[in-house]
Amino acid sequence: VIAVEPLKGLAIGAALDLIAAHLWWDHLLPFEMASYPIPDDTAVTSRHELSGHGLGFSGGLLWKAFPWLQAGVRFRQRIACGLVGWNTFQPFAESWYTTVPGPYGGATPLTNVLNRFYATQEVKGETAIPREIAFGIAVRPVRRLSLNLDVQWDRWSDLGRWEYRSVNAGGD
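Mapped onto our numbering, the consecutive letters of the sequence shown carry residue numbers 1 to 172.
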């Protein structure tokens, strides 16, 4: 952060904003294969885990108009954060003990069948911290009382879709 006071009562500040993100989430993927005799409730847990960094700028202005009145404004630009990580798959524990017909005859644990369809894969995506503008005013009508009003406008509605894609989409 760099701040200067070019005029008495007027301060200007600027900063580089470094963000670090670590996201993870799990969801269930039902496994259905009409031509293969598997239990109806077979599912696999899909876990995404991604990390990344972003760099942006913010700046502000503080004006002490009178000893009893201060006003300020702050701006932060949208900060994009590229994310990279892994999508791993974990069959339910019951699939180790459930046997199904093997692809070459005999019986095999259901987990062996599921592992043929789900393999750990690298994924990429992007998210962002939205642009933000804030304004505040502070009034001190008497020595022991301070009244503050802050207004903040951000663009969370512009966040957009979270899309994470396999680095190897369409490949092995």
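One should not assume that every hint holds.
As the list claims (entries may be wrong) - Distance ranges between label pairs, derived from CB positions: (1) Pro-101 x Leu-29: 18 to 24 Å; (2) Ala-3 x Ser-146: 51 to 57 Å; (3) Gln-152 x Val-4: 49 to 55 Å; (4) Val-4 x Ala-80: 39 to 45 Å; (5) Ala-119 x Asn-148: 52 to 58 Å; (6) His-53 x Phe-117: 32 to 38 Å; (7) Asp-40 x Val-1: 56 to 62 Å; (8) Arg-144 x Ala-14: 30 to 36 Å.
Claimed, not checked - In silico EDC-like pairs for lysine to aspartate or glutamate, Cα to Cα no more than 16 Å straight-line: (9) Lys-64 x Glu-132; (10) Lys-124 x Glu-94; (11) Lys-124 x Asp-17.
Quick caveat, the hints were computed from the structure, so don't treat them as lab data. Here a beta-carbon is modelled for each residue, glycine too, at the ideal position from N, C-alpha and C.
Numbered hints the structure breaks, given as an ascending list: Checked against the structure, the hints that fail are numbers 2, 3, 4, 9, 10 and 11, while the rest are satisfied.
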